[in-house]
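*Asks:* Using the sequences plus the hints, can you model the full thing?
Number of protein chains: 2
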Amino acid sequence: MLQIIKERRSIRKYLSREVEEDKIISVLESARWAPSGNNTQPWRFILVTSDEMRTKIAHVSHQQRWMMSAPVHIVCIADPSPRYNSGKGPAVQENSPGNELKQAIRDTAIATEHLVLEAENLGLGTCWVAWFVQEEIRPVLNIPEDKYVVAVITLGYPEATPSPTPRQKLEEIVYKENWNESLR
Amino acid sequence: MLQIIKERRSIRKYLSREVEEDKIISVLESARWAPSGNNTQPWRFILVTSDEMRTKIAHVSHQQRWMMSAPVHIVCIADPSPRYNSGKGPAVQENSPGNELKQAIRDTAIATEHLVLEAENLGLGTCWVAWFVQEEIRPVLNIPEDKYVVAVITLGYPEATPSPTPRQKLEEIVYKENWNESLR
Chain A
787 MLQIIKERRS IRKYLSREVE EDKIISVLES ARWAPSGNNT QPWRFILVTS
837 DEMRTKIAHV SHQQRWMMSA PVHIVCIADP SPRYNSGKGP AVQENSPGNE
887 LKQAIRDTAI ATEHLVLEAE NLGLGTCWVA WFVQEEIRPV LNIPEDKYVV
937 AVITLGYPEA TPSPTPRQKL EEIVYKENWN ESLR
Chain B
787 MLQIIKERRS IRKYLSREVE EDKIISVLES ARWAPSGNNT QPWRFILVTS
837 DEMRTKIAHV SHQQRWMMSA PVHIVCIADP SPRYNSGKGP AVQENSPGNE
887 LKQAIRDTAI ATEHLVLEAE NLGLGTCWVA WFVQEEIRPV LNIPEDKYVV
937 AVITLGYPEA TPSPTPRQKL EEIVYKENWN ESLR
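Just so you know, the protein sequences line up as chains A and B, in that order.
Letter by letter, the first sequence follows residues 787 to 970 of my numbering.
Letter by letter, the second sequence follows residues 787 to 970 of my numbering.
Certain hints may be false.
[What the hints assert, rightly or not] DSS-like cross-link-like pairs, simulated, lysine-lysine; straight-line CA separation at most 25 angstroms:
#1 Lys874/B to Lys962/A
#2 Lys792/A to Lys809/A
#3 Lys962/B to Lys799/A
#4 Lys809/B to Lys799/B
#5 Lys799/A to Lys842/A
#6 Lys799/B to Lys962/B
#7 Lys842/B to Lys962/A
#8 Lys809/B to Lys962/A
#9 Lys962/B to Lys874/A
#10 Lys955/B to Lys874/A
#11 Lys792/B to Lys809/B
#12 Lys792/A to Lys955/A
#13 Lys955/A to Lys874/B
These are computed hints drawn from the structure, not numbers from a lab.
Remember, predicted model here, so these are calculated numbers, not experimental data.
*Replies:* In structure tokens, the structure reads:
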């Protein structure tokens with residue numbers, strides 16, 4: 787597990803090779819089994835493979851043209867509505883205050899990372915993309931305004947594997963017993 | 787990977803057996819290697835093992851007494867401050883509107899789930915706990931008010947492994963090309 791986690795990179799260059807359907811299913815299946823608060827499972831995914839849609843998604847993601855080289859985009863969506871008695875929440879955007887939205891984003895991030903790690907496990911590459919705004923990406927995919935797009939995960943066979951980005955040391959991110967005591 | 791993901795359960799009953807230090811390090815190390823937006827790595831962890839502190843944490847988590855049976859608590863904290871030029875963000879709470887907080891929660895959830903999966907991989911049990919409020923849990927751990935506690939992960943050897951909670955079917959959570967088209 788730790789090896790897969792350490793070998794994962796953000797891949798921004800893909801081979802044109804298609805991704806096998808059974809691998810796509812495994813990747814989505816891994817997300818389905820994520821834990822969530824009150825088992826609300828507040829995640830939705832849109833599997834995008836058409837050139838037209840991937841081009842549109844790259845366009846609203848600040849024209850990141852490299853995204854088009856990935857044969858698959860998985861759009862990962864948080865749906866806070868199960869937390870509302872009416873089954874429908876308010877319209878949401880980047881500066882919405884609701885805790886329901888924070889909870890749904892948290893849980894969708896968990897499920898999405900399952901998918902990223904399972905992809906790595908299958909020899910596939912991914913990249914988390916979140917450089918877009920709700921108002922622009924939702925209409926492209928007909929997503930209702932009470933849902934929140936957490937990420938687009940690009941998916942495909944990596945053309946090359948970059949070096950790891952630097953990380954803070956363990957003693958810089960871990961405290962002991964309380965915030966005032968360092969690990970070592 | 788998919789097997790580990792499917793076998794993971796939320797464990798709410800632990801053996802008194804201590805967790806080996808090298809396993810704790812592996813678990814924290816897995817979080818350290820998580821991806822994050824702009825490589826901000828906006829996560830912090832407090833490793834808690836003392837009876838006194840675990841009792842206090844369980845207390846502010848709506849008196850979930852089962853938490854005390856876990857020999858280790860890992861408090862997982864989102865720190866939005868790297869996103870601010872000043873290096874310090876505003877005080878945050880459950881209904882804060884900022885996008886910086888949402889991004890830090892997302893990234894901390896990713897890192898936290900790494901930790902959960904690595905624990906499972908090592909034969910350990912975990913449970914995501916997020917039933918508390920910032921105002922109550924932060925003072926217990928001396929956490930500054932510009933940080934946000936995303937979760938307490940309980941960690942230890944499971945006393946028993948419960949059945950899986952039900953999940954929605956793949957075709958209920960996955961769409962094709964856009965929100966209006968189902969997978970099959």
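*Asks:* All hints, please: hold or fail.
*Replies:* Hints and how they fare:
1. Straight-line distance between C-alpha atoms of lysine 874/B and lysine 962/A comes to about 22 angstroms, which keeps the hinted pair within the 25 angstroms bound.
2. Restraint check for lysine 792/A and lysine 809/A: the C-alpha separation of about 21 angstroms stays at or below 25 angstroms, so the hint holds.
3. With a C-alpha separation of about 23 angstroms, the suggested pairing of lysine 962/B with lysine 799/A holds against the 25 angstroms cut-off.
4. Under the criterion of a C-alpha separation no larger than 25 angstroms, the hint pairing lysine 809/B with lysine 799/B is consistent with the structure, at around 19 angstroms.
5. With a CA separation close to 18 angstroms, the supplied pair lysine 799/A and lysine 842/A stays within the 25 angstroms bound.
6. At most 25 angstroms may separate the alpha-carbon atoms for a hinted pair to count; lysine 799/B and lysine 962/B exceed this at roughly 40 angstroms.
7. Distance check on the hinted pair: lysine 842/B and lysine 962/A sit about 15 angstroms apart at the alpha-carbon level, within 25 angstroms; holds.
8. For the proposed pair lysine 809/B and lysine 962/A, the alpha carbon gap of about 16 angstroms is at most 25 angstroms, so the pair holds.
9. Between lysine 962/B and lysine 874/A the CA atoms are separated by roughly 22 angstroms; this keeps the pair inside 25 angstroms, and the hint holds.
10. Only pairs whose Cα atoms come within 25 angstroms are accepted, and lysine 955/B paired with lysine 874/A is accepted, the gap being roughly 21 angstroms.
11. Restraint check: the Cα-Cα separation between lysine 792/B and lysine 809/B comes to about 21 angstroms, which is no more than 25 angstroms; the hinted pair holds.
12. For the suggested pair lysine 792/A and lysine 955/A, the alpha carbons sit about 14 angstroms apart, so the restraint of at most 25 angstroms is met.
13. Distance hint between lysine 955/A and lysine 874/B is fulfilled; the C-alpha atoms sit about 21 angstroms from each other, no more than 25 angstroms.
The structure fails to meet hint 6 from the earlier list, while all remaining hints are met.
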